[in-house]
Amino acid sequence: MKNYEVKGFDIYFCGKKIAQAYKKWELYKYFLEPHGINYKQYIASQILPDNAIYVIIKNTMFIVEIKFQQV
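Number 71 marks the last residue of the sequence shown (full-length UniProt numbering); no jumps.
In case anyone wonders, no lab produced these hints; they're calculated from the structure. No incorrect hints appear here.
Listed below are the simulated BS3-like cross-link pairs for lysine-lysine, each with C-alpha atoms no more than 27 angstroms apart in a straight line:
#	residue 1	residue 2
1	LYS24	LYS58
2	LYS29	LYS16
3	LYS40	LYS23
4	LYS58	LYS23
5	LYS67	LYS23
6	LYS40	LYS29
7	LYS2	LYS16
8	LYS16	LYS58
Work out the full structure: start from the sequences and follow the hints.
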């Protein structure tokens, strides 16, 4: 898309970092652990989301599960 760029986990719009995207275990290794967050304090077991998108300006993490169903 125009004006968007992805470098590694980082998503840029017009050259400004606006979000980060992670898949499966990357959420734990590259986001939670570096921020000192122990997921075991919040959930009983590790979940592996298809995608997790952290929007920096909203300080919000979106967990995305992708499902496919053929009919």
